[in-house]
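Build the full structure now, drawing on both the sequences and the hints.
Chain order of the listed sequences is A and B. Counting from 8, one number per residue, gives the positions in the first sequence under our numbering. Counting from 4, one number per residue, gives the positions in the second sequence under our numbering.
Honestly, the hints are just simulated from the structure, not real lab data. Misleading hints may appear alongside valid ones.
[Claimed, not checked] Here are the simulated BS3-like pairs of lysine-lysine, each with C-alpha atoms no more than 25 Å apart in a straight line:
| no. | chain 1 | residue 1 | chain 2 | residue 2 |
| --- | --- | --- | --- | --- |
| 1 | A | Lys-60 | A | Lys-140 |
| 2 | B | Lys-184 | A | Lys-110 |
| 3 | A | Lys-17 | A | Lys-60 |
| 4 | A | Lys-171 | B | Lys-184 |
| 5 | A | Lys-60 | B | Lys-99 |
| 6 | B | Lys-132 | B | Lys-145 |
| 7 | B | Lys-184 | A | Lys-148 |
| 8 | A | Lys-140 | A | Lys-171 |
| 9 | B | Lys-145 | B | Lys-129 |
| 10 | A | Lys-166 | B | Lys-184 |
| 11 | A | Lys-60 | A | Lys-166 |
| 12 | B | Lys-132 | B | Lys-99 |
| 13 | A | Lys-148 | A | Lys-110 |
[Said to hold, decoys possible] Covered stretches of chain B, as calculated for chain A (at least 3 residues, CB under 8 Å):
| no. | region |
| --- | --- |
| 14 | 45-53 |
| 15 | 96-103 |
| 16 | 145-152 |
| 17 | 176-183 |
For glycine and all other residues, C-beta sits at the position ideal for the given N, C-alpha and C.
The primary structure of each chain is shown beneath.
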Amino acid sequence: MERIVTRRKKIIDRTIVDAMLRGNIDFVSSVPCSLLAGVLDDISNFSNDRRRKLIHLPVTREEEGVGVCAGAYLGGSRPALLMQNSGLGNSTNALLSLTNLYKLGLFLLVSFRGRVGEEDIEAQMPMGGATEKILSVVGAKSRVIERQTDVGAIESLAKIAYQKEQITAALVTSALWNEPGETQ
Amino acid sequence: MKSSFLITRDVIETIVNRLSGTCVFISNLGYRSRELYSTADGPDKFYMLGSMGLASSIGLGLSAVLENREVIVFDGDASIIMNLGSLGSIANFACKNLHVFVLDNRSNASTGGQNSPTAMRTDLFKIAKAAGVDKVARVTDKRALMLVLNGKELPTVVIVRCTDSNIIPPVIPLSPIRIKKRFMEYLHHGE
Numbered sequence: 008m009e010r011i012v013t014r015r016k017k018i019i020d021r022t023i024v025d026a027m028l029r030g031n032i033d034f035v036s037s038v039p040c041s042l043l044a045g046v047l048d049d050i051s052n053f054s055n056d057r058r059r060k061l062i063h064l065p066v067t068r069e070e071e072g073v074g075v076c077a078g079a080y081l082g083g084s085r086p087a088l089l090m091q092n093s094g095l096g097n098s099t100n101a102l103l104s105l106t107n108l109y110k111l112g113l114f115l116l117v118s119f120r121g122r123v124g125e126e127d128i129e130a131q132m133p134m135g136g137a138t139e140k141i142l143s144v145v146g147a148k149s150r151v152i153e154r155q156t157d158v159g160a161i162e163s164l165a166k167i168a169y170q171k172e173q174i175t176a177a178l179v180t181s182a183l184w185n186e187p188g189e190t191q
Numbered sequence: 004m005k006s007s008f009l010i011t012r013d014v015i016e017t018i019v020n021r022l023s024g025t026c027v028f029i030s031n032l033g034y035r036s037r038e039l040y041s042t043a044d045g046p047d048k049f050y051m052l053g054s055m056g057l058a059s060s061i062g063l064g065l066s067a068v069l070e071n072r073e074v075i076v077f078d079g080d081a082s083i084i085m086n087l088g089s090l091g092s093i094a095n096f097a098c099k100n101l102h103v104f105v106l107d108n109r110s111n112a113s114t115g116g117q118n119s120p121t122a123m124r125t126d127l128f129k130i131a132k133a134a135g136v137d138k139v140a141r142v143t144d145k146r147a148l149m150l151v152l153n154g155k156e157l158p159t160v161v162i163v164r165c166t167d168s169n170i171i172p173p174v175i176p177l178s179p180i181r182i183k184k185r186f187m188e189y190l191h192h193g194e
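As structure tokens, then:
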């Protein structure tokens, strides 16, 4: 049973990464999140495969990742930054005074913790409530991804980021991996 | 005593004169960008006007995707201390084409000259070493700077002890979008 759940999770992880690659992302910076651990494994494996032109550069803090992605964009790459939503707080100044100031393309894959109805970790609730407001403040076009049928939107969000030179974000929720009611 | 130190503006001028043509330059906000602009403005310079602390990170991202160009970063002591994780990332992931010059004036010069941690007990050379950066150099005079610049291979991190010039550098009149556009055109279409 556990193996079936793991396989299902892996398929969803892979669907997310495939949508990112279809969105022309070729550079990923990241700060780890348990929800995105499988996605990060896939990205790391892909970046070690020379046939795929994908660079993975893990960083220590989300703001640092915004800087690294800005450099990659200037260098002609199409960068994405993976993080938990708490990282949006750590990187707001950089998203405004670097990414937006220079109009740089950046796609954010953000795990959406601390939503209403997910009160099991109280410490995640404050940023959960602020997440969509912060994205709105930094002018990001964003979408909540909570069903497998939503994952395709990642491709178009990434493409918009580079075409319009702006920030776009996909907020992925834990419900995505639990669908269809496997564990509840 | 102070006059025996290198002057920030002279350090920038010396480095740019020696390395122009084969390198691109990224500068920290405030006086370092303004000095770089007034010394040798050009499309091969990216002036970071906001996002304090991130100059070395921009350099890291740029150097990772530009295999055949050297990337020079002019950072400051207080600003790299805001983003110390960057030294770890540079130690672990930087390619050979990234070179961060930390102009250590031991102060927050652009905001009124307040003491920075390096004016007290903090030693950035040791921090960079301990972060795992292999090639770190410490420079305190012109001779040492020239030795570094004329060496076979530039170090990854160079801590340059210096002091600010008496002249306040002029404000950069270029818009951020203009700075970006000409920098990207220079990188991707040459000249």
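Hints, verified against the model:
no.: 1; hint: Lys-60(A) / Lys-140(A); verdict: violated (34 Å)
no.: 2; hint: Lys-184(B) / Lys-110(A); verdict: holds (10 Å)
no.: 3; hint: Lys-17(A) / Lys-60(A); verdict: holds (22 Å)
no.: 4; hint: Lys-171(A) / Lys-184(B); verdict: holds (14 Å)
no.: 5; hint: Lys-60(A) / Lys-99(B); verdict: holds (19 Å)
no.: 6; hint: Lys-132(B) / Lys-145(B); verdict: holds (23 Å)
no.: 7; hint: Lys-184(B) / Lys-148(A); verdict: holds (23 Å)
no.: 8; hint: Lys-140(A) / Lys-171(A); verdict: holds (21 Å)
no.: 9; hint: Lys-145(B) / Lys-129(B); verdict: holds (21 Å)
no.: 10; hint: Lys-166(A) / Lys-184(B); verdict: holds (20 Å)
no.: 11; hint: Lys-60(A) / Lys-166(A); verdict: holds (17 Å)
no.: 12; hint: Lys-132(B) / Lys-99(B); verdict: holds (16 Å)
no.: 13; hint: Lys-148(A) / Lys-110(A); verdict: holds (14 Å)
no.: 14; hint: 45-53; verdict: holds (count 4)
no.: 15; hint: 96-103; verdict: violated (count 1)
no.: 16; hint: 145-152; verdict: violated (count 0)
no.: 17; hint: 176-183; verdict: holds (count 4)
Checked against the numbered hints given earlier, this structure breaks hints 1, 15, 16; the rest are met.
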